[in-house]
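2 protein chains.
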Amino acid sequence: MTDLYFDFLCPYAWRGVELAAALRAGGERFRLRHYSLVEGNHPGNASELTWRLTEQPHAEGSAAQQGSLRAFVASHAAAAQGEEGHWAFTLALYRAVHEAKQPLEEATIMAAAETAGLDLAAFERARADNDARRAELRAELDAAREVGVFGTPTFVLPTGEAAYYRFETLTRDPATAREWWTLYRTVLTSEAEIGTIKRAKNRPPRKGA
Amino acid sequence: MTDLYFDFLCPYAWRGVELAAALRAGGERFRLRHYSLVEGNHPGNASELTWRLTEQPHAEGSAAQQGSLRAFVASHAAAAQGEEGHWAFTLALYRAVHEAKQPLEEATIMAAAETAGLDLAAFERARADNDARRAELRAELDAAREVGVFGTPTFVLPTGEAAYYRFETLTRDPATAREWWTLYRTVLTSEAEIGTIKRAKNRPPRKGA
Chain A
1 MTDLYFDFLC PYAWRGVELA AALRAGGERF RLRHYSLVEG NHPGNASELT WRLTEQPHAE
61 GSAAQQGSLR AFVASHAAAA QGEEGHWAFT LALYRAVHEA KQPLEEATIM AAAETAGLDL
121 AAFERARADN DARRAELRAE LDAAREVGVF GTPTFVLPTG EAAYYRFETL TRDPATAREW
181 WTLYRTVLTS EAEIGTIKRA KNRPPRKGA
Chain B
1001 MTDLYFDFLC PYAWRGVELA AALRAGGERF RLRHYSLVEG NHPGNASELT WRLTEQPHAE
1061 GSAAQQGSLR AFVASHAAAA QGEEGHWAFT LALYRAVHEA KQPLEEATIM AAAETAGLDL
1121 AAFERARADN DARRAELRAE LDAAREVGVF GTPTFVLPTG EAAYYRFETL TRDPATAREW
1181 WTLYRTVLTS EAEIGTIKRA KNRPPRKGA
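Top line first, the protein sequences correspond to chains A and B. Per this note's numbering, numbering of the first sequence is gapless, rising by one per residue and ending at 209. Per this note's numbering, numbering of the second sequence is gapless, rising by one per residue and ending at 1209.
Don't take each hint at face value.
Said to hold, decoys possible - 30 Å max Cα-Cα, derived DSS-like pairs, lysine-lysine:
| # | chain 1 | residue 1 | chain 2 | residue 2 |
| --- | --- | --- | --- | --- |
| 1 | B | Lys1101 | B | Lys1201 |
| 2 | B | Lys1101 | A | Lys101 |
| 3 | A | Lys201 | B | Lys1201 |
| 4 | B | Lys1198 | B | Lys1101 |
| 5 | A | Lys198 | B | Lys1201 |
I should point out that these hints are in silico values taken from the structure, not numbers from a laboratory.
Produce the entire structure from the sequences given, and follow the hints as far as they go.
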């Protein structure tokens, strides 16, 4: 099983989740895991961990902070309804935010839960147990820190290799997803021991190239 | 022709130059070009360009600054003796510094010129025309800035794609070099429009993996 670290704030993580969803259709297995960009990039955490997302009040901080915390808690509540429900909720919320351009806030989260076909009463009860959901989230953010995740999406292969994989094109086609996934794994397992391939600043990938 | 940006300070650029040298044996064409890490990473250049390597006195600044400026000027002097002489000098100096662990300073540079079979009198004359060599260097550093090079080695493909390519394993085997080069080009030209593949911080490539 491959771990897939994501943050609902990130449009590249959205592409990564869609890629994984397309690969699941072909039998590849992924575990959805959370990584927080606002925590990872927080200036207070530059040398040591002093600012934790999971210790912030729900109604304080930037829109990105409040939205991502709320979405992560909801994601853990969705996970309580099983793997398929979690995937359906994750995809529905990503599409609402990054495709339909809805704000990452309460109404969007509830609509995603409905789209995903979750048991809404159970979802609400799971969200209301805020301490438990935050504890689950904290454990995942700790796991991400141990791997050294710094951006999303980051995949951790069953064999231990792990890397950030940023690409522009969204695909839901299983054959295309398979090709891009094979390319990524080939880079990570090459005997060249590749650490980084990163575009020069003024030569981003060409749209429609 | 592919442009290959390098800095003699950088052990990853050494691997890149060796890779290109192995590919040249198979007919692939590369142009050696300079990029300065001390200039690119200088705190004074964070928002705009205020500190230029080419404007620094030869005997001032850190060992990295003095050594890289001296090596770049020598590299331009070697280039004046033609493409093959430039490659021979570049490889000889890289191997002296990163394989034999010699310091990047005058004696090492002269020994590399001798190893490369350069006309030493002509090499000395070309180096002595310091203003001309610095002007050549400045033009290359400007070209690198236009591409948005931020580290070495960076390759700029004939079709315009450009990316930093960092890998751990040195190869001089043409077939292996061809495989790693094909992988890099596949990433850069994939319809996924890949911007970055970068290992998680605590999961570097495994030595001997």
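- prompt: CA of Lys198/A to CA of Lys1201/B, is that 30 Å or under?
  reply: Measuring from Cα to Cα gives roughly 15 Å; hence the hint holds.
query: Holds or violated: Lys1101/B with Lys1201/B, Cα cutoff 30 Å?
result: holds, 27 Å
Hinted pair Lys1198/B and Lys1101/B, Cα distance within 30 Å: holds, 28 Å
query: Is Lys1101/B within 30 Å of Lys101/A, Cα to Cα?
result: The given pair, whose Cα atoms are some 55 Å apart, is violated under the 30 Å limit.
field: Distance restraint between Lys201/A and Lys1201/B, which requires alpha-carbon spacing of 30 Å or less
entry: Between Lys201/A and Lys1201/B the Cα gap is close to 21 Å, so the pair holds against 30 Å.
In the structure shown, a violation is registered for the earlier hint numbered 2 alone.
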